[in-house]
Every structure is written in C-alpha cells, then in structure tokens.
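Trainee: As given, the protein sequences belong to chains H and U, one line each in that order.
Position one of the first sequence corresponds to residue 1 (the UniProt record's numbering), numbered consecutively onward.
Position one of the second sequence corresponds to residue 1 (the UniProt record's numbering), numbered consecutively onward.
In short, the hints are calculated from the structure, not lab data.
The structure presented is a predicted model; accordingly, all values stated were derived computationally and were not measured.
Note that CB positions come from ideal geometry on N, CA and C, so glycine has one too.
Just to be clear, a hint being listed does not mean it is correct.
[To be verified] Residues of chain H placed beyond 12 Å of chain U at every Cβ, according to the derived structure:
id : residue
1  : G51
2  : R210
3  : E498
4  : R694
[Said to hold, decoys possible] 27 Å max Cα-Cα, derived BS3-like pairs, lysine-lysine:
id : chain 1 : residue 1 : chain 2 : residue 2
5  : U       : K48       : H       : K882
6  : U       : K48       : H       : K732
7  : H       : K601      : H       : K514
8  : H       : K732      : H       : K882
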Amino acid sequence: MTRSETPSPLPFRLPAGGLIDRSTEIRFSFDGRSYAGHPGDTLASALLANGVRLVGRSFKYHRPRGLLSAGPEEPNGLVELRAGARREPNTRATVAELYDGLEATSQNRWPSLRFDLMSLNQLAAPILSAGFYYKTFMWPAALWEKLYEPMIRRAAGLGRAAEAPDPDRYEKATAHCDVLVVGGGPAGLAAALAAARTGARVILADEDFRLGGRLLAEAQTIDGRPALEWAALAEAELEAAPEVRIFRRTTVFGAYDHGAYGAVERVNDHVATPPAYEPRQRLWRFVAERCVLAAGAIERPLVFPGNDRPGVMLAGAVRTYAHRYGVAAGREAVVFSTGDDALRTARELAAGGVTVAAWVDARREPPDALREAVQELGAPFYPDGAITAVHGRTSIQAVDIRTPLFQTTLECDLVAMSGGWSPTLHLTSHLGGRPVWDEALGAYRPGAPPPGMSVAGAAAGGMTLRECLATGGRLGLEAARAAGFEGTDAPPPVAWPESAAAATLWRGPTGKGKAFVDFQNDVTDADLELAEREGYRSVEHAKRYTTLGMATDQGKTSGVNAVGILAGLRGQGMAETGTTTFRPPYTPVSFGAMGGHHRGKEFRPTRRTAAHAWAAEQGASFVESGVWLRAEWFTRPGETDWMQSCAREVATVRGAVGICDVSTLGKIDIQGPDAAALLDRLYTGTFSTLPVGRARYGLMLREDGFVFDDGTTARLGAEHYLMTTTTANAGKVMQHIEFALQWLWPELDAQAVSVTEQWAQFAVAGPRSRELLARVVAEDVSNEAVPFMAALPVTLPGGVRGRLFRISFSGELAYEIGAPSSYGEALARALMEAGRDLGVAPYGLEALNVMRIEKGHVAGGELNGQTTARDLGLQKMVSTKKDFIGRVMAQRPALVAPDRPALVGWKSADPSVRVSAGAHFLDVGAAASMENDLGYVTAAAWSAHAGGWIGLGLMKHGPERIGETVRAWDAVRGRDTPVTLCAPCFYDPQGERLRG
Amino acid sequence: MAEIALSPPLSAFAALARHGRHGRAEGPAGVVVEELRGLALATVIARKGRAADLAAACRASFGVEPASTPRRTAKDGLAVVWSGPGQWLAVAEKGHPLTAGGADGLADALRGALAGLASVTDQSDARGALRLSGPRVRDALAKGLALDLHPRAFRPGDAASTWCALIDVQLWQVDAAPTYDLLVARGFAGSFWHWLEASAAEFGLEVR
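Throw the hints in and build the complete structure from the sequences for me.
Mentor: Okay, structure coming up:
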C-alpha cells in the first residue's frame, strides 16, 4: 500500500468525487496484470477506472462481456477471486470489495479473455438455441456420456472450484431481535431508527460494506443537507443505541418459517487472509419478531440487438460508478431509457465531464420537463426512439438509433440503459407469496409477504426518496409496536419531490444481432419466441426450457423482461402471463458457510466411550458405529493385517479371556409400579415373570410387525428394570418408549430414562473370565452365586458400586461388568491387570462379529428392518399368550408367507475362497436373474473354529434346504462361490460353554 | 497377585481442558470456562399424578421447591432443574453433605425422601459440566445455541434443554454476570470441547 498526494492517474478515474480514499493506493491483479485502485473501490469500479471493459465471456456463446451493473444482480462480471486453495469461482466483481493484493481471474475463456476460441460457439448458434440441451444431443444416445456431456461441460463451465481444502474457518451463529431491517438504504435506515427509538432490539443488515444504499450512489438532499450527512447521523445514532446490532457485508438471503432469516456475513472476504481465529464468513440465523424489508430495487436492462456488448450498462450503475467511485464508465454516452430516472445518470455524467451524446427515450411522449433538462446538458433528445444495433465487439464504437422519423449512427463508447426498476421483493416470496403486477408502477410489487414481514421503500414500489423515508419510518415503528414496544409517530425527514415516471418496453425493435434477455445464461428474445412457438405456455416451463433465470444470478435482471416478452407474444397482459417466484438464497452462499464448524472430522459430533484413551493405548483401530467410535481390533506388534489381529482376539476369547468395551449399547433405566407391564407390551416375550436378579433376552417389534431391536433386559428390583438395546437403535428405542408412555398408554405408571452415558460396561468373555472377575469383584462369582443370566449389583475395588451380568454374545462363559463412567477407564485397566497372568487381551468389533456369527446370533445385517421374528428363527421368542406392539401386524399374510427368506447358516466349500455379505444365493446352474434370486448373505466371517468362511444369510426355504449346496454370487466383487447350507450355529450348539 | 485397585475417577473434560489461555492472546479473555467436577446428578421423574406431592416432599426434605417451568431452584448447594413435564435434574455441588459417601449418595437420599412419588436415577457420571462466563460468553454460545440468551429473554435461574453445535445440552444461568452452567452427555465432551475452543478463540478463551 502506498500513499500519494497526487491525483490518481487512472485513465477513467474522474478528477474528484467518490467515496474512495484517494490518498491510499492499493494494488490488485486481473488475469495476471497489475492495476491500481483505492480503498472504497469494488473490483468492478477499479477495473473500470483502469479502462478494463472486457471482464468475462458468456456462458453459452462465449461472447465478450463487460459489467452490466454495480450491485449483486450482476450477470456478466463473474470472476475467480483469489488463488490456490482460496480460489472462489463466480464471484461478482461488482460486490467484491477491493483489497491490497486481490487476485482475480476471468472465467469461461480459452486460451485468453481477448482471444477466446470457444466464441466460435456463436457460429453454432442455430443449434444452441433454447432447449438445445434436450434436442441437439439426443441421438445417438450412446454418445451422451462419452462425447456430448464432457463436451458441453468443458465448453460451458463457469469458473473452477479450488482443488485443495479451504484453509479458512467458517461459522454459524444465531441472533435474535424484535425487528430485523433488511437493507441499509434510506428506507432501511429510517425503519431501523424508528424501531430503535422504541427500545426494541433491532438488527440492521446490509450487504454492502457501507451503509446508505442508493444514497451512496447519487446526489440527494435530506432535511436540506446532503443525504450522506443524514445517513451518517442515522448510522451514528444506531451505533450508539445499546440494543441495535448493525451487520455490514451481510446478505439476508432467505426467509424461513417462524420469523427465521438466513444471512451470510462476509467477515473477512475483504482481506486476503482472515486474521487468526476469525472466520472468513459467518452464516447467521436471525430470529425476528418482525421484519422490515427495505431491499431497494433492481434496474431492468432493455432488450435490443447488441445489448450485451461491453459498454452497455444499466443507467443506475453508470451513475453509481461516477458518483460513488469517481469512475467514468466511458467518454461518450448514449442514454436509452423508458423513464425519467436516468436523468440523474445524464447529469452525473455531464458533471464528470462525460459527453452525453444522445438521450433515446422509448416513450412516444416523454415529459417536457425531461426534454428540457436533457437539452440543458447539450444532448439531443430522441423520443419514440430505440437503439437497433451496437457496433463493436469487445467495446462499443457506435450505436444505430432509430425513431419513426429518421435513423442515425452515433459514435459513443457507453450506453446507459434503463428499462425501469423492479422492487427487490425476493424475500417476500420465499414462503410462497406471489408478486403482483402493478400496471401503474410498471413492475411487480410484493404479494402477501411472510408473516411478520412488511416492505418499505423501493422494495414495495415506492421509488422516490421521499417515499422511502416515509414508509421506512412508519413501518419501522409499526414493527416495533407489533413486537410490544411503544413509540411516538414522528414526521419523516424532508426530501425533494422527484419524478419516477416510467413506461415499460419489454423489447425494442428487432435488428441485426442478438438481443439478450438473460445475460448470464445467454438467453435471447428469439429463444423465448421459440419456447412460445413450441408450446411452453407457462412461464415456469418457458423458463426451464430456455434456462432463463436459472443461472447463479437467478434472473435478477431478466425475469420481468422475459414475462413482458412472453406477454407480448401472446397478446396478453402481464398479470395473466404470470411471474416466477423466488427461492432462497437471494445470492449464492458458499458451502463453507453452510457447513460452518461442522466439516471434516467435526462434520457431526463424535461420541467416545469412557475407556477410549485406554483402547487407543492398546492399539485400537476405531470405526464409526452410529455416532460412537468403537474399537474394530487391537493391533499387536508384528501383526500386519487386521484379520490376523481379529483371529488372535477370537482365539484369546475362545481359549483364555478377552475384554470388550460394550458401553455403547443403549441402556435404559425403567422404574415404576407398571414397569413390568410396560416391558410386556414392548417385547414379544414376557418380562413380568422375570425374577429379580435375572436377565432375559428380549425381542422388540415395530408396530408394523417387523423386528425393531433386541437386547438383554435385567430386573434389578420389583419395580426396576435395566433394558439394553443395540448401539444403533438406542435413541430410537428411547423414543419408542417415550411414545408408548406419553401416547399409547398414558395410564401406565412407569418412568424411563437413558443411562447409557452413566455406565461404562465391558464384556469379560472366555473360559477364564470367572477367575478374572473373582479378583476384581468383592462378591462371590461362583456358578452357584452368579448363574447364567444372573444380574446383580457388585462392589468394585475401593467400594465403587458396579453391576454384573452373566450374559454371553460370544458363546463362551462370559459376563458384562459395569462401573460408573468416571471409572470406565480405571475398570478397563483393572481388568487387564487382573487378567494379565490369565492371558487377557482386549477384543474389538470384528472379533465380536466372528464369534456372534459362529453362534448364530442376529445383529445389524439381519436386524435390517425388513425381517420378522419368523424370518430370523426367533418365533419361539414370540409369546402367544399376551399382546405386544407389532403382534397383530406380524400376522399379515405376506409376513408369514412360507417362501419368505429365512435365516440359514452357510459354509464355503473351499476355505481359501472368500465370501462377502451382499452376495446373492443362486441355485447351482441357475442364471443370475431376479427370478432365480433365492436371497442373500447377511454376514460373513473367517472362522478358525469352522476352518473356513462361514456366515449367515436370508434365503427362501433356506431352513428346509440345509445340507444342500448353492452358490453365493457376488457381482460387485466378481465372485461365484459354492456354499453349503447349514443350521445357523457353528459353535457349541448346546450352549454348554456359556453355562459352565 | 497384587490387590487390584481402581485408579481415581476421571471427569468428562479431564483430558481436554488444558488450563490457561487459548485463542486470541491480547486483552482480557472474552470467555472463561471451568469444568465443574464432582457434581452429583440424579434424574427425578414423578410417578403418575404425584408431581405435586413430589414437590411438597422435596420442599419438606431439602428446602427446595421444584419449578414447573424451565427454571432452576436451589438451596445450600442443592439445585433442582426442570427438565420436562414432571421431570427434574437434581444437582448437588461438590462436597455437598448428601454426597459424603459418593456421588450416588444424592440419588439414595432422593429415593428415600421421594419413595413412591418419583423414580430416581443416578446420573452423576453421565454428564460433563462446564461453567461459562466472560464478557463475550453470549457471543460464543450463539455460534452453537439457537436459544436467545439476551437478558430480556433469559435470566438467572432460567434453564433449558436444547441443542448446541448438534449436541444435546442442558444449561441454566447462574448469575447476571452472566455465568452459565452447561451439561453435555459425557461421550460428546470431546466434540463439544472442540466446538467451544473454536468458537471462543476469537474472543480469547481462558480455561480455569
């Protein structure tokens, strides 16, 4: 950054004026070339100041394009901002605040912006007309994937996403207020002031880096002073108000239910690198009692041949560049307008020394006062006129002007066009409100805005400063009152009367060259004609067919013109032709902001067990199991393959003793006089008969009769049970119980609460598990004292209260021992210490899975929401003597059909051939077809005990075909393996080991 | 073989909360956080139709009247936090006489006093507890909490069960400083802490 006292030498910077800091020069680059600008510039204003007119190439035809606007509606000036990992494509140069070192690159051109070979697309224009996506490349269809699509994608791509992870931080946050004011122009400032003076909590959000809105862009007077002085006073008052928060650089992009609004704050987009600990952007959820929308208006382009040439700009933008940024958008300007508003532009240009070469007015009889004012500027005035051609490709050389009386060609380098102003009413339609056509205004007004929202100023169609100040103040006060605050009416600040008179012209006379309606998606008036001719009557259909309004600018400058053209083609009014509504976001929102903190490992919360650190020390590899992290296996020195670790862990449990952290299983404490009755209704089995101190396996159905979940539930007291669920369904079962207690049977006196996090629990499994536990637990753990399925409180070292359950998932003599979670890690270490001489080792989910498959216990693969108790061979668990959830629906014919796939075991004929879950069962010799499909493999494991690959599966008539050989056909992995069907239990079918 | 012992209990944030200053180093810390260790917690759920009797028994035995709105009432280190219709979380400060024999002493005492009126479950190990304060604590919490903590909307004694950064939390305001106590399920302590560190970093975070 350098400071200089000399006036800027930039070719198009006006000698004075503008809200820029001329004493400070900052450098930036565009397409690798270095330029100068000032603080207060946007990238767009700085490029114009440097005489850079050509900023991009259009989407389809790769036509050279310059800046159209000076605001968020910009369809042409899209650039890649920054470089490397921070590269951000499709950034609108018109709202990119200039900073020292800014790097920008043009997009959609090859090899360079000036010589773009893709512009040859223009020669192919006849085939790129409306609907070309749907028509041209339809045949032969085989070429779609290999040729057409890649070709279109390469040619059409706008910008390139960064290829490295974004190094910056993003955040999400919520802010509450009584009154949200969207827009910091005159209406918004007036609304915020009025609301703030009542003491209401006010949020004022504006997308610009400076408050003021249109007051920044033109010479206006309020209360007899320059309008900016009024704005500065308003801003100072708001800054000082304790309950007002001003959000600059913040776009409110969406209106949602219940007074919620989405907004994105560009906290650090105006610096190269965000300061330490600060985010680049912050996504806000504003929750507001009331909202005043004061979003202003967007000027409409005129549709005439060559209206997309660099140098054809919106009249309002031309004066913004002159007044706010001190930049002349050209040297000789022609104004083409349908209304009086562009007079400000002509005056601003003349004041800056730019020649106003002509005023072309589309109206047959423009006001005399306007004619006189224009002629005072020394410009010829052409009523009932139109521009019919623009000469020049990458800049304007001249324009053809035609009136009923004559035709002329006029040299110029700038066209300032104005087709009237459209209220920025997008937010009013986000919840379904349809804009309403106002013939007198020549624009759509907001229809029914969302509850709690009122619309002030230009956004409501009040285009004059006087109306903005008056409606803003009134609606700001009304909003505060509606939120429960009191205030007194105050007269609005004084502004001079002005003329907003305008006519509408949807389409000028046709001539040579394309007349664009949607600049960003390259949609012309001829495309709309084609859509109309081909029968796309609905505006929504015509829009989709032509892609009009479907680019990132969402048709901000094209939507209304398109409806007007369609109305003209049909000889209808605007109201009959319709309009399109808008959806969030108003302007693009980055994925970074939407993700906020929740990216990478923090994408969603992770749940760790109390003994996580101990498991990590033991060499655990963790896997996500729902939100939990669980140990899959524990790698020991010398083990190179997880299957080695897994096999060792299985051998440890089968031969000695192993420890497995099972804390993630859902644990629900159920108490009350009706606890037993509740469980009888939740489970297929009976729990009211369970003695205190014992546990029982339970199966739960959904209301529709399919199996929901399973687990072991223990009776701790007469009115006290402890239910366990699978890890995956812990939350769902809790909801299920809440639903049952609150809605199905509110008469039951039972209380349920999750204690999953209260207890750390470990399976201690293997023939030496009892020996190990005897060293840890104070009580007698003999087979007599703690028989199979016993459940009892125990005392852990130091008098800590624990719980002991004699249950087994592995098929071995096994227990689960629980301790309060604070002692989870301590208990794991104590168990390891106690079992050291017994050969103890921790085991993970994979070993657990191998052993449960060997035992034929069902788990996630079988409890998949599509199986019944019968399918799983668990019919004996289903009581016929009582009612329970799912009982009736489980008897539906399709759920008891004899050919439903049922649980079966299988063993691979060749131990060296692997079989994976998902493989389909087929008869030997049968073709792989849907008709021949017999079912599929739900679980597979390598079993040392069985000496090969074994598993479970669901197969039609499977239990009746035990002993037969079928095939496990795995199209994904390209395997086709013979397997022998067997009973779904490979290990100790009599259960002698677990009862021993 | 040697006598098997249990090592001392570990609090939820024990391995996470590194004492000292984190994030922005300049100026006073915007957010101050301290893990509340040794709290005794118990859920108290009224038996069918016994909420009023429960409240009376609670008042008689402990001098605390359980609220029927999202509020926390407290006396002499024992608090009752409304957590849902007919549900409360009882919280005894570290060192409270009821917990002399261990944190589960609270649940035992409640069970005794509220027999037949409530189901009581010890939850002392199920949550991690943080005390949050500092001039920017509301701004930091706003990055995860959708709740309005403005003094007009949320006052000392107010309590809420809600979501913070996608994690279930229960919190209440302790004083007007403002100071908040916040409970999070123990298993989520790591994710919550990462969010808190990241969200408070720009204001400067002091871990006590």
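Trainee: For the pair we were handed, H:K601 and H:K514, check the Cα-Cα distance against 27 Å.
Mentor: This hinted pair is violated, its Cα atoms lying about 51 Å apart.
Trainee: Is the nearest CB of chain U more than 12 Å from the CB of H:R694?
Mentor: holds (21 Å)
Trainee: Has the given pair, H:K732 with H:K882, been kept, meaning a C-alpha gap of at most 27 Å?
Mentor: Given that 27 Å is the threshold and the Cα spacing comes to 24 Å, the pair holds.
Trainee: Take a quick look at whether U:K48 and H:K732 sit within 27 Å of each other, Cα to Cα.
Mentor: holds (24 Å)
Trainee: Per the stated criterion, does the least C-beta distance between H:R210 and chain U lie above 12 Å, as a non-interface residue requires?
Mentor: holds (23 Å)
Trainee: Could you let me know if the closest chain U CB is still more than 12 Å away from the CB of H:E498?
Mentor: holds (41 Å)
Trainee: Below or equal to 27 Å on CA atoms is what counts here, so check U:K48 against H:K882.
Mentor: Holds, at roughly 24 Å.
Trainee: Over 12 Å to the closest beta carbon of chain U is the bar; see if H:G51 clears it.
Mentor: Correct as stated: the minimum Cβ-Cβ distance to chain U is 40 Å, above 12 Å.
Hint 7 alone, counting from the list given before, is not met by this structure.
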